[in-house]
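These are the residues of each chain, in order.
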Amino acid sequence: MTRDPPTLQFDRVAREFSGGLRAVDGVTLSLAPGSLTAVIGPSGCGKTTLLRLAAGLDSPTEGRVESGSARSSPSVCFQDPRLLPWRRVIDNVALPLELAGVPRAQRHESALGVLQAAGLARAARMLPAQLSGGMRMRVALARALVTQPQVLLLDEPCSAVDEFTRMQLDAEILRTWRACGATTLLVTHSVSEAVWLADRVVVMSRGRVHADHAVRLERASRERGDAAFIGEVEECMRLLAAASGKEAA
Amino acid sequence: MNASAVRAVVWPLVGIVIVLGVWQIGVALSGVAPYLLPAPTAIAHAMWQNREMLASAMGRTALGAAIGFTCAAAAGILLGSVIALIPFLRRSLYPLATVLQMVPVVAVAPLLQLWVDNGLPMAILSAAIVALFPVLAATIDGQASVDPGLRELFKLHAASPLRRWWKLDFPWSVPTTVTGLRIAAGLAVIGAVVGEFVSGYGGARAPLGIVIQAAMRDARTDLVFAAVALTTVVGFALFGAVSLIGWLLVRRWHASAVNESEDRR
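Sequences listed follow chains A and B, in order.
Heads up, the first sequence is in the working numbering, so the first residue is 196 and it goes up one at a time.
Heads up, the second sequence is in the working numbering, so the first residue is 239 and it goes up one at a time.
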């Protein structure tokens, strides 16, 4: 049986900053096409650096990162929405297409499409200042999807919102991931979020992959209160605790 | 006009009335000579008596200040954008511009006479020189302070520097640039009057600077005060026009305008 080539691959990747700090240290990971992988780990373990390397916002000092294809570069949804405050929502969502030279009518049509899919069509003419924090993040997510990326990188998109909004955003992430089928790398601090969303949870410590855990739950049956779900979360918490212990040592 | 807008107008007016009242009573009680300190009513009388001449003078000064300000605004925004866009220029030219700002225009004004004709050109150049630096500095600072996260977003989408400037750096810097323009508006009037003082052109088309000089020679202190008050009116009008345009540009999205609207509620 031949397998699809991975659309995101880290091959012995390292990133050393000045002063000798190795934020990422020899990471090798392959993400299968259309998979959703979550990366968790203690603060400063190198999660965000790994994502930035995948996005091309930073370059590895060692190893190689292959992401996306010639057709499209990775899309990123950052921790903060990063919307241009003077632009209406639809123009913010259309920005990546605008920078790629797509004509106005076409990019507005695409932007309106992703906004409609996200239930944000009524906010299309509004300015970011008129939206709640959760809605701004959903707009940022819509912007990341407007280019129909093959690789989607999510850098703690729910870190700045309350628990209820986080659950709504998680559902939105799941819906969009299913709809676009992009290979998705999610960096998060929340273990339950990682288990609820991902097929695979990678635990990092000191810039290295400490554990690579396949989530053994059918996606359709993932309920946050279920014993099986809680068991998976506890398993990941154990791995995270071990990683944190290693970090502290 | 709602109650908050009325308050915004009424309270400053109350302040002006109190100051003028104290001034009027103080002059009357102290018996100070009118050529040293005329009473507000005497100034108002002089203003009314010379209204046609003062209106014409105010128009000349306003023209010089407005043209000088416009030139400074255009040059400051253009030059500031180029300097902000090219790191080498920012490092090499910005300190030089700061040093040039320290040179007082009064000291340079006689030199300007070598380069331009006396009269309106002199007032325009003097106003433009004084008004240039605040616009330049505000534009550079505004464009250099773009949110790094937004810069990263544009880098992610491989935007060219020029495209990033047009779609991010320039609009981001508008509120800061408007602040520089507001400062420059007041300075432009000072610059224009200094230019008028130095160039000394007069006759029927004398601007306020010349009216002030002539009135001083004639010991007409009431007319000096009247002309000075009108230079303030010119400065206030220019400042108000710039503030209004700036507010219209950022009122819907920038915290300074949004917070101001909320404070008034």
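No lab work stands behind these hints, which were simulated from the structure alone.
Among these hints, one or two may not hold up.
Stated by the list, open to error - Over the 10 Å line for every Cβ pair with chain A, so calculated as not near, a few chain B residues:
#1 Trp261
#2 Gly297
#3 His395
Unchecked claim - Here are the in silico distance ranges between beta carbons for each label pair:
#4 B:Val354 with A:Leu216: 38 to 48 Å
#5 A:Gly328 with B:Ala282: 48 to 58 Å
#6 B:Ser481 with A:Glu304: 56 to 66 Å
#7 A:Gly314 with B:Ala493: 42 to 52 Å
For glycine and all other residues, C-beta sits at the position ideal for the given N, C-alpha and C.
Numbered hints the structure breaks, given as an ascending list: 3, 4, 6 and 7
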